[in-house]
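Colleague: Given next are the chains, with one letter for each unit.
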Amino acid sequence: MKGKLLSAEDWHYLLQMRTLDDLLKYLSGTDYARVLARFPGATPPLGELSLALYEDLFKDTARLSKAVPKNGSRLLASLLLRYEAENLKTILRGLWRGSPPQEILALLYPLGSLSRLPVEELLQAGQVTAAVDALPSTVFHGPLRQALAQFQAQGRLFPLEIAVDQAAIEHLGIALKSLSGLDRAKARSIIGMLVDGTNLSWLVRFRHLYGISPEETINYLLVGGRHLSLRDLGRLARTTDLPAFREALPAPYQEVLSEIDHWGQVRIFAERWLVGKLHQVFLSDPFQIGLPLSYLLLKELEVKSLECLFSSMAFGESPAKLVERISVPIGGGVRV
Amino acid sequence: MFRSEKLVRITVQTPEQFISAVTGVIARLKLLHLIRIDETHLGRMGYVAETDGSLLTDYEQFLEALEKLLNLLHVRPDGVSLDEEVIPEKEIFKVRERFQEIRAVVEADLGELATVEAALQEKQALLDRFKILPGEFDFTFLGERHYVRWVIGLVPALGTEKLEESLSERHHAVIELGILQDQAVIMVFGLNKDWETFKRALRGALFEPLDIPEGTSGSVDAAVAILQADIARLQEKVQGLAGRQQVFQRQFRVELLTLREKAIAARQMLAARRLFGKIDKSFLISGWIPERLFAVLEQELSRVTAGQVVIEKVDPEDLREVREGIVKIPILFNNPMLISPFEKLTSLYGTPRYREVEPTIFFALSFLLLFGMMFGDVGQGGVLFLLGYFIFRRSYKYLDYGIILMECGFSSALFGVLYGSVFGLESIFPALWFRPMDNIPYFIKVTLSLGIALISLGLVLNLVNALRLKEYENLLSASGLAGALLYWMAAGLGMKYLLTGQVAPGELSLLGWAAAILLVIMVLHRPLYRLIFKREDPKRIVRQSGFLTGLIESVVEVFDDLIRFVANTVSFLRVAAFALSHAALFTAVFSIARVVAQEKEAGVSYWLVVAVGNVIVIILEGLVVSIQTVRLEYYEFFGKFFRGGGERFRSFDKETGPTARKS
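Note that the protein sequences, when read in sequence, are chains A and B. If you count the first sequence from 1, position 226 lands on 226 in the numbering used here, and the numbers rise without skipping. If you count the second sequence from 1, position 413 lands on 413 in the numbering used here, and the numbers rise without skipping.
I should point out that these hints are in silico values taken from the structure, not numbers from a laboratory. Computed from a predicted model, the values in this text were never measured in an experiment. Here a beta-carbon is modelled for each residue, glycine too, at the ideal position from N, C-alpha and C. Hints may contain errors.
Stretches of chain A that chain B covers, calculated by requiring three or more beta carbons in the stretch to come under 8 Å of a beta carbon on chain B [what the hints assert, rightly or not]: (1) 137-146; (2) 206-217; (3) 306-313.
Isolated chain B (complex conformation) (with noise of 0.2 Å):
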């Protein structure tokens, strides 16, 4: 959880015949972040494989027919999970002779469906444009013209006198009936003999007909209650059809999604072999997996092949491109479910980097336990649950988002019954720990013990950090070990002041004895690493150009970390803050509701107030408590550890789906 995935590099060499095997099983397993062949020396050299482009054309053909079928039949393409192996260059026989004959089925009796659709669609949009027309508005004394014409449309509003301009030298009329918009309604009349003059001036004005149909008569009323009769009629012929496509759904839904993911599959495994590399008769495939996943794999491949197969594994630790930090190892995140979505939140900073300690399972507990803090209700937590269960059922795109509001509207509500608020009403259940406005010194105090915790856990993290990628110089530095002992000392002492205001003279002067040593190291922590890690002669340290320059930047640098690191815990009596005011906007709403309630002498209004109020709070608070939260997490918390500069694993599906980085 605290380490990314443990990856090794592979490196897999196959005769081409069994290259769409082995792809096949390299797509099924998917964690594979791929390295490009085209972006190393060989790819240089022209070793590239090349695909198949008729092959990967007849995918694509095949899928676009598939869409279409899906979209008739109303069946939303879920992926669905695929066992069986997949050959690209037999698949496209197989999948498409089944295709063939659900489609002869399904058209048979839907055939109809599309053209009843379509008329549907048809008289819908002509009584949009009936409805454009005043109601009184009456075709019958239109028919019949021998020496004018006319027509009815819509120009853009600011239009319709550059058309009066360009028709001034015609007879004509041009009459506005309406604004619908920024267009306006417009009938132009004109004579027989000028028309085409007419249809010019019309195509420069951006004229677009209503298209009444020919013979039309009686009035625009008269005319939508014929049309929206023949459309309940259509309405209902639909319906009718609708359930032969209910029954077609239910029968071929899985069927057609599997096709889907087969062609999908085989067409990502065809696009795939650009990204390999190609010597004579053999395919070469290199990349990152888990190192979980080596002995599955292996097997696999082993499998498909015959044997003739060979695989070479290298532990990161053994490359020396990734030693000397030209390669990078990609991360991949490996957290729990309720953990994951964070990740996103993680990347937005910056990616870790392999060695780095992978910090959103902290990052998430903190967020949560921040937002619940400075949100705490019940009432308005369970909004936001149910705002990303909305969001998790309904959006497949955003399940993440969904699953973060969640768990902020669990938090916030786990927080409204510590504080005892529902939707801002405090009578309804006792607070089991303390109502913020009661006892404002002691939230200042918890916030401040809660921020002087968050940033230790940080200080220790860049420790760790620090020792995991041999960062030994950092250790004695301001924003190291040397640092972190002098912030624990002084907040432990501002802690104890705090909680029983006092302290004792000897623990005062521990510190500053304490602390002008650390000071010592901090500035010198430099030449002190180059000779104690690096056993350097001490004169030769001394001797060196810049190194009372170097000293000075260190005072400064010292200076900087230690005002830094007051700033950071001051920062978090923000928590307080927002919490404070999340409480006293809520007092500023029962107010109002109470003045409103007074004025009208009714119930009603108070809990509309009351409610609105709510509305607002949820949407107001909430956004600036998550900036809020994101802040002091990015700032006060990643500040303090946080290296980034990683690449993110990318699956063997992203890299080669449609979504895919261009080759």
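Only chain A is shown next, with the shape it has when bound in the complex (with noise of 0.2 Å):
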């Protein structure tokens, strides 16, 4: 299954690359080359290929979905969660915007018959109220019901998002409840990294980037991660500069982001390590759902920082700066 992955190998050579063609060429003798025949003669807009890419990913989860007991199963379909989180997010903002159907349609991932959400009915909607009126069959429904009061207080759409990102990854707890014994245990401690990482990055675009007070913030934080406490997250909320920031954080993250100089790096760092841990399941028990699980997340951050690799050859990047912005094994290992 890891196999199946690039290796630190590959990303050596596709950072070398000066084009898209040539590290589309390169792809094409990697696992990804059933995406890219999707692709025949010239290079394919980037949109377009980025979508594919993550297409590719929902496939793999479906077919690991359909491979592991059924528990497990449940567990594996509840991340792609996210992206129906961030569909719904989409469609949302294109209501709320007045954009068109075809132009909204145009920006979803392409999750096919894995999605619930019932995409026609909630274009159709015309307004926000009415979409969310038009879920009541998925795990958004509630959570959006119970944060209609504050969108409506508030005129914006911030308070329904962060209810949907809520839903999604708190709906992966609801599924480990699921899993028993060591299934349980090395999901849980997966996951709970997970939410973590999500955290702290969250705690970083909401304080610093968007400028939120810490007691909101910390009612948007997530609860159930594996090394951040409640307790904690109120904490690192509360601090103002990186140096406090830093010092507030709990072992094993105090290490991890001993080394950060700023914001940017926090959620890099976590990232990093989160992919270390990752790695480190396939050396454990073979026959357990944190390894499907540790595969598809790994997946996930590899299609990440393609499509970053992509933007960035668009933009004239060099790989060079790039190497900061992703989380990737390089150099025969995990850049931790």
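These two chains come separately, so use the hints to put the complex back together.
Modeller: Encoded structure:
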């Protein structure tokens, strides 16, 4: 399973490429050949290419969901809820702005039959509140209804967006409950680290990018992390500068993030640490849900890194700069 | 009935001053399947007409205002027939003027109704909020606080812990008053000076305040009582005004609906112009129309344009694009009212091609027959009929399904009479035919015969299709005439054996010889077709590369087709199986009812179990039998002859209405 991911050697060469054509040529010698086969001839538009990579990730998720026992399958399928959440947010933003349905559709992740979102109905709803009413059979309906009052009071989509994001990740915690024994322990640890990473990234974004107050930020964070308790999150949210933030971090993040010198590095350092942890899962018991779960999360990060690589190439950015923004195995191991 | 409606292609060319009148005539007739000019070479060259956007917006706004008035009067926006001509450019002034007159009259009296209804809604909402709180909760103690502020509301149940953490550095109290679905009802206290922090924390916690009006005092119970009295008073007032509403409803309903229909027709006509062609000062409309309507259309168009119209009519057979399969002729179903709902089920399988047999009538009749046989019970049939009738009366959208359900109910009841079963009770009247559980072998023979008959019908329809579509090669194949002959001979002998228990040796030997000859024809059907119909040289056929491979493929195909014949026929045994399981379920229901009655010693529990059992049987068996019937129809029957790949006729109003394809 791990062999299907791009190796450190692959990344070494990918980061050397000068043109998008060379990059795609190299990728067509990897497991991504099946994705690129869909674009014979001229170089495809970057948007379409990225969506095709994500589609490949979704197909992998569906395939693995069928290959594992039922309870594990529920957890793997729940990973896709985060993309459903992205699609739902895109639709809500489109409705809010009054964008034409075709324009919104073009921006959605191609989840196909894996998605339970009634996309057609949502697009026809015309208004945000009507769209919320069109979602009763999904995990997003309850949280969105609860956030409607704040949406109306604030006159912006943010409360709805945060409710959707929270619902998607909190549902992973619900899916965990159906597991037992080693499966549960492994999955809880991985999901816990994923939640930690998300919280760290959101903390930086909400507090220092959006300028949201600590007391508001705390409420937007997720519970159920592996190493970051609610009390830790509260403490981190109340810090005002980077040294204080580093100081407030509990182990192991204090060490993981000890070398960061600007807020933008928090996410990427935490992500690289996660990548290392996910790779370690492959060294343990091969018959547990942690393996497919780790594979899918690694593949997801790989797709995101490839997406970054495509964009940076399109904007003429140097690979050296890009390396700082992606979390991939380089030089025979994982960059941690 | 066995063919779709005969269509002809028309092309109408008219000067631009008559386009509204011409569109009006087409809109009234409805039955025109437009060929979108933008999808033809003319459209690609840019000869596409444009529509007046501002006029279209005027109609949209008018319809919006009209819907509001209809809502105020509680008038359902049903369609009404429209005989008058509509010219969009003029009509907007007429409909708008009359609408404003009516609205002025209505609003003079009912203006207050909206206000009272809004007040009622507000009070009702407040009552709902108060009901969330504990009855003994007293607001008196919460008034007049100098240093402390409080708020009551809802937060997601999982969010209270986070809210506590976010307020942990301020003096605060978060009291949980209860849980409502997934939300916690909380009361939050904090110091006045810290209240901005509280507001931010509450915003983050997606807090939904209960908005208790200022000055509320006393207990929640007392406040609820006052609100309930207010609501009763307002409801009384609404009822008084509703009387006036009904008067207006009677007075203006038809007129308002006519105005609405005119506006819709006008909007449709304007929207339709996008689909027309335009060359200089002439409009060009092209489409398919039933041949029977052509004379009427021609006459009407000549009348409204004073003869300034050119109408070209072309038979589909004369069109080269149709003959070469480049253009598809749409198919317009033409079935009687009781059969037409089944068109939906036919379409689910596929749309027949224009020249194919239109199989809905066969589908409908066999569907009802199979359903009735598997679900024969007078009582349960009656329930299905009533359910169908309810849908038929209440839901226009699902009208077709209502009719299908009524027909299934009727068929089920009819077979219930034949089987002598009412809600599973078999002692009420004797079976007119037989009881399935009493004579299983006979029932199996009946269902096999039915299967053979239905498959044979499929084979005949396949031959008709092959002839109509000129697929002569098909006639000699295993799925064509040769296969059909072999099937009929084998099935005939099989049936004879089942009914009499014997088959003469001579008959078996005849079948053997016939089978041998037919098998050879089936295997060699492609070369034979080229030899007989195409008159090709036999040597050339044999020497052509791939001849041997073709023969091997044919052997496999023949084998596959013959196995399929057997499997299709045996598949009809499920009719007997499900009818028997229907009866067996009743036996189980009555056994459980007897056991329960013995334990409880009461007749009520017996009938309760029987009633619940019947409900379960109706839902469970009804669903299973429907699925099995559809399966038999699609795989065993349609699979024998249905080609599909046709295009459904889209009437003018559907093509240009709000649900039309996006251009």
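Colleague: Determine for every hint whether it applies to the structure shown.
Modeller: A quick look at each hint next to the structure:
With a threshold of 8 Å between beta carbons, the proposed coverage of the segment 137-146 of chain A by chain B holds, since 3 of its residues qualify and at least three are required. Taking a C-beta to C-beta cut-off of 8 Å, the segment 206-217 of chain A contributes 6 residues in contact with chain B, enough for the three needed, and the coverage statement holds. Residues of the segment 306-313 of chain A with a Cβ under 8 Å from some Cβ of chain B number 0, which does not satisfy the need for three, so the listed coverage is violated.
In this structure, the one hint that does not hold is number 3.
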